[in-house]
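Heads up: the sequence lines are chains G and A, in that order. Numbered as in numbering that gives the first Met the number 0, the first sequence ends at 301 without a single skipped number. Numbered as in numbering that gives the first Met the number 0, the second sequence ends at 538 without a single skipped number.
These are computed hints drawn from the structure, not numbers from a lab. Just so you know, even glycine gets a beta-carbon here, dropped at the ideal spot from N, CA and C. One or more hints might be untrue.
One side only, chain A facing chain G, incomplete, derived with CB under 7 Å [as the list claims (entries may be wrong)]:
| hint | residue |
| --- | --- |
| 1 | W140 |
| 2 | R275 |
| 3 | G279 |
| 4 | F285 |
| 5 | A289 |
| 6 | T304 |
| 7 | G306 |
| 8 | T310 |
| 9 | G311 |
| 10 | L318 |
| 11 | F320 |
| 12 | I324 |
| 13 | I328 |
Pairs of lysine-lysine, DSSO-like flavour, derived with a Cα cap of 30 Å [what the hints assert, rightly or not]:
| hint | chain 1 | residue 1 | chain 2 | residue 2 |
| --- | --- | --- | --- | --- |
| 14 | G | K234 | A | K490 |
| 15 | A | K490 | A | K13 |
| 16 | A | K59 | G | K276 |
| 17 | G | K94 | G | K264 |
| 18 | G | K43 | A | K537 |
| 19 | G | K47 | A | K533 |
| 20 | G | K213 | A | K281 |
| 21 | A | K13 | G | K43 |
| 22 | A | K533 | G | K43 |
| 23 | A | K59 | G | K43 |
| 24 | G | K213 | A | K339 |
| 25 | A | K191 | G | K47 |
| 26 | A | K537 | G | K47 |
| 27 | G | K47 | A | K339 |
| 28 | A | K59 | G | K47 |
Sample of chain A residues with no beta-carbon within 10 Å of chain G, all distances over it, derived [as the list claims (entries may be wrong)]:
| hint | residue |
| --- | --- |
| 29 | I37 |
| 30 | L113 |
| 31 | D133 |
| 32 | F166 |
| 33 | V334 |
| 34 | I375 |
| 35 | R448 |
| 36 | L477 |
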Amino acid sequence: MRTGASTFAEGVDLSLYIIAGISIVFLIGITAVMIWFVFRYNNKRNPKASHIEGNNTIEVVWTVIPTILVMIMFYYGWAGFKPMRNVPDNAMVVKAYAQMWKFSFEYPDGTYSDTLVVPINQPVKLELVSRDVLHSFYVPAFRIKEDMVPGKDNFLWFEATIEGRYDVLCAEYCGQLHSYMLSSVTVVPRQRYDEWLAKAAATGDDHPGLAVMKQNACFTCHSIDGSKLIGPSFKGIYGKTEIVVTDGAEREITIDDEYISRSIKDPNADVVQGYMKGLMISYENTINDQQIADIIEYIKTL
Amino acid sequence: MATVSTDLNYLQGKKGLFSWIFSVDHKRIGLLYLYALITFFLVGVTLGILMRLELLNPGKDLLEAQTYNQIFTLHGVIMIFLFIIPSIPAVFGNFFLPIMLGTDDVSFPRLNLLSWWIYIIGAIMALSTLIFGDGPADTGWTFYAPYSVKTGTNVTMSVLAAFVLGFSSILTGLNFIVTIHRLRTPGMTFLKMPLFAWALYATSWIQLLATPIIGITLMMIVAERFFGVGLFDPSIGGDPILYQHLFWIYSHPAVYIMALPAFGIISELLPTFARRTIFGYKAIAFSSLAIAFVGYFIWGHHMFTSGMSGTGRFIFSILTFLVAIPTAIKVFNWVATLYKGSIHVHTPLLYALAFIFQFMIGGFTGLLLGALATDIHLHDTYFVVGHFHYVMFGGTGFAFFGALHYWFPKIWGKMYNAKVANTAFTLLFIGFNTLYFPMLIAGLMGMPRRYYDYLPEFHLPNMISTFGSWILAVGLILMLGNLIYAYFKSKEKPGRNPWGGITLEWQTQSPPPVQNFDRMPELPKNGPYDFEHKPTIKE
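This is chain G alone, in the form it adopts within the complex (with noise of 0.2 Å):
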């Protein structure tokens, strides 16, 4: 196990020494008294067998002594756990959103990124948002995870405590590129962050579209190179002639702004053909029409 980097490891790696410990002995101990048995009491070396039905002490003992075992071991657990629901006040608050098959965080002054980077030492609670299917949001190193479930607000916060880059992975499977869904989260001394953040904040160079494509993960299953992924590529899609399907139906269309704006809101209406249907979630409550007009413009020049 890689060493931990967030203050809730030492609880959680002290619960599994304690865990796996107590279990390990135990393994052993039972395992060679089970072949020194199959040994020692071979009919070979013990040729009559002695019938004994049991004894009411020691199941009582081995009834009483994994029952205290097991409470220590919850007890651990529990203890290592606790700190994990009880947020400190200064907090920084992100909002974490996932959907098939991107992280991407949003911070408190509105400034989206695709990683995380955060001050070390510093509380960072996050607030976890699925826009589609079941995530979960799994940093191994700070010892951390809660699934990100579509219509419920969880959340779990962290605080580093060593700097680094440490992987963000997707621990409920959630399609096709579950293992790919993957980010970073960058620890950083305070100075470092303001820098990063002032600079992430000021990148507005992007086409407007392109920059609200980007938000929206687009990009994890529509190319815009002309390579197939999930969906469509997006090259030279303007005004080309396609085959959709629409209600079990073929039927020939021409990708204009209304065929767009359809897609992004009601994405399984028309699905040209080749693709499967029921992958993409409707973005009408995400994007609106004047972001949608940028993302037409902006497609239109691919």
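Here the structure of chain G is known, so what remains is to put chain A in place on it, guided by the hints.
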């Protein structure tokens, strides 16, 4: 029962396919299950080996991501619904429960046949997704909403298959409960029943009471997909967490449907090969009931990271630890049964010993998953995959193989080559641990489960695990090959009682006559494992 001696055993008499697939003889039905189960098991194994091949190296090796996701789903559906859940009760329960109780059949022989037919129909439905529709489901065997509501693959058919299979399980459970209550031979009180019957009794209650919940839950998925009812999909007003609760209210007790019968097998094997009475008969019998009972209240530990309140997590965690206690009691009593025995080391005993070792690893890793702090780190990682396979395959699977080697001479009246069987066992034991132990390590390192591809740091444990799968495969082929060879070629006649057992099945002929007994079986004086006053079993 009259001591009518019939020359025909259950394998003789009527011949032909129809005499089997419409037979109401519990022994033939047990074998029908066995042949079907082994077939599906081999399909599941093949899918598992394909998955391990894909995971040999990081990056794409031979499957597309989508195919991989469908394969792990089908692997789970087959192994759980078609193999492990029916396994021991449907095969050995059907075959041996009536014989061990000293009766001639289960209470409802026709219902028993119907269970098998429902099972086969469900199985065909599950496998039909390979050919028909938009491909097998890619949701994982848990069918978690809302993905299972949204995906374009053939979730509906997979879910309907599990629904149908549920009825087979319910009916078998019902049949066994009534059989145990009504058909015990005179003189056999509940506390003189073999422990295998006790284990089946506890299992049957779970099957009867818990299975309807999964049935209705899966129907709700179908309703959601077809009519957009808004039960589980939040975009139409549903709650995905509701699905998880409903799913695990069945599926956690179902883990005990899979494990308890295996405990029963081990409780049969140990006294027979130690030639002594079992240690703590009542402790073992009642701990089965305790596990079945407490098992109902701990489903929430599958959802420790789903956003449950701290209080909820506290309660489910402490209850989870409670279930460890009756399980520990069983293990202690089993090991104590070897104490001062006169132990004969034959193949079935080796499987029992391996069971105890592997089941302990499964149990101890379960403690790490039941504790809150560690579960947060280990939840939904390969640690869970390793833990689950240690319990289900290292536990129940090995008990199944042990039972197969134990009762092989009784079922077919033939004997396998013991040396080859022991070699196969050794390969299986080594292969199994090489395959699954590295998964625990990968999980501790932080590798999530259901991963088509992984970060380079997880390469080593994955590589070792894949090597293990090859050893395991060779072991399986050797084991089955040895048994099949014995079935066709063995000249050895093992007689009534090759192992010196004293439960009633060893008092009848091998294979048993159609009516199970050719002469009145004799009950040992003090319970089923009273080797001190054992009945004399003449050929």
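Each hint tested on the structure:
For A/W140, the interface hint is violated, since its Cβ never comes within 7 Å of a Cβ in chain G; the closest pair sits about 11 Å apart. Checking A/R275 against chain G: minimum C-beta separation of about 4 Å stays under 7 Å; hint holds. Interface restraint check for A/G279: the shortest CB-CB distance to chain G comes to about 4 Å, inside 7 Å, so the restraint holds. For A/F285, the interface hint is violated, the least distance from its beta-carbon to any beta-carbon of chain G being 11 Å, above 7 Å.
Because the closest C-beta pair between A/A289 and chain G is about 11 Å apart, greater than 7 Å, the hint is violated. The restraint placing A/T304 at the interface with chain G holds, with a minimum CB-CB distance near 5 Å, inside the 7 Å limit. Hint status for A/G306 relative to chain G: holds, with the closest Cβ pair at about 4 Å, below 7 Å. For A/T310, the interface hint is violated, the least distance from its beta-carbon to any beta-carbon of chain G being 10 Å, above 7 Å.
A hinted interface residue such as A/G311 counts as satisfied when its beta carbon comes closer than 7 Å to some beta carbon of chain G; here the least separation is about 11 Å, so the hint is violated. For A/L318, the shortest C-beta to C-beta distance to chain G is roughly 10 Å, which exceeds 7 Å, and the interface hint is violated. About 4 Å separates the beta-carbon of A/F320 from the nearest beta-carbon of chain G, less than 7 Å, and the hint is met. Given hint, A/I324 at the interface with chain G, holds; its Cβ is 5 Å from that chain's nearest Cβ, closer than 7 Å.
The closest approach between the C-beta of A/I328 and any C-beta of chain G is roughly 6 Å, which is under the 7 Å cut-off, so the hint is satisfied. The suggested pairing of G/K234 with A/K490 is violated, with an alpha-carbon distance near 73 Å, which exceeds 30 Å. Between A/K490 and A/K13 the alpha-carbon distance is near 23 Å, which keeps this suggested pair within the 30 Å criterion. At most 30 Å may separate the alpha-carbon atoms for a hinted pair to count; A/K59 and G/K276 meet this at roughly 25 Å.
Annotation: proposed proximity of G/K94 to G/K264 holds, straight-line Cα distance about 23 Å (limit 30 Å). Restraint check for G/K43 and A/K537: the C-alpha separation of about 24 Å stays at or below 30 Å, so the hint holds. Of the supplied pair hints, the one linking G/K47 and A/K533 holds, its CA atoms being roughly 14 Å apart against a limit of 30 Å. Simply put, G/K213 and A/K281 have alpha-carbon atoms about 65 Å apart, too far for the 30 Å limit, and the pair is violated.
The hinted pair formed by A/K13 and G/K43 fails the criterion: a straight-line CA distance of about 45 Å is larger than 30 Å. Between A/K533 and G/K43 the alpha-carbon distance is near 21 Å, which keeps this suggested pair within the 30 Å criterion. Among the hinted pairs, A/K59 with G/K43 is inconsistent with the structure: their alpha-carbon atoms are about 55 Å apart, more than 30 Å. Of the pairs offered as hints, the one joining G/K213 and A/K339 is violated, with about 72 Å between alpha carbons and a cut-off of 30 Å exceeded.
At roughly 24 Å between alpha-carbon atoms, A/K191 and G/K47 fall within 30 Å of each other, so this suggested pair holds. In summary, the hint linking A/K537 to G/K47 is supported, as the alpha carbons are separated by about 21 Å, within the 30 Å threshold. Between G/K47 and A/K339 the CA atoms are separated by roughly 8 Å; this keeps the pair inside 30 Å, and the hint holds. Simply put, A/K59 and G/K47 have alpha-carbon atoms about 60 Å apart, too far for the 30 Å limit, and the pair is violated.
A/I37, annotated as away from the interface, keeps every beta carbon of chain G farther than 10 Å; the closest lies near 29 Å. No beta-carbon of chain G comes within 10 Å of the beta-carbon of A/L113; the shortest separation is about 35 Å. With a cut of 10 Å on Cβ distances, A/D133 falls inside the contact zone with chain G, its closest approach being about 8 Å. Annotated as non-interface, A/F166 keeps its C-beta farther than 10 Å from every C-beta of chain G; the closest such distance is 28 Å.
With a least CB separation of 5 Å from chain G, A/V334 falls inside the 10 Å interface cut-off, contrary to its annotation. Look at A/I375: its CB is around 5 Å from the nearest CB on chain G, not clear of 10 Å, so calling it non-interface is violated. A beta-carbon of chain G comes within 10 Å of the beta-carbon of A/R448; the shortest separation is about 8 Å. With a minimum CB-CB distance of about 23 Å to chain G, A/L477 clears the 10 Å threshold, and the non-interface call stands.
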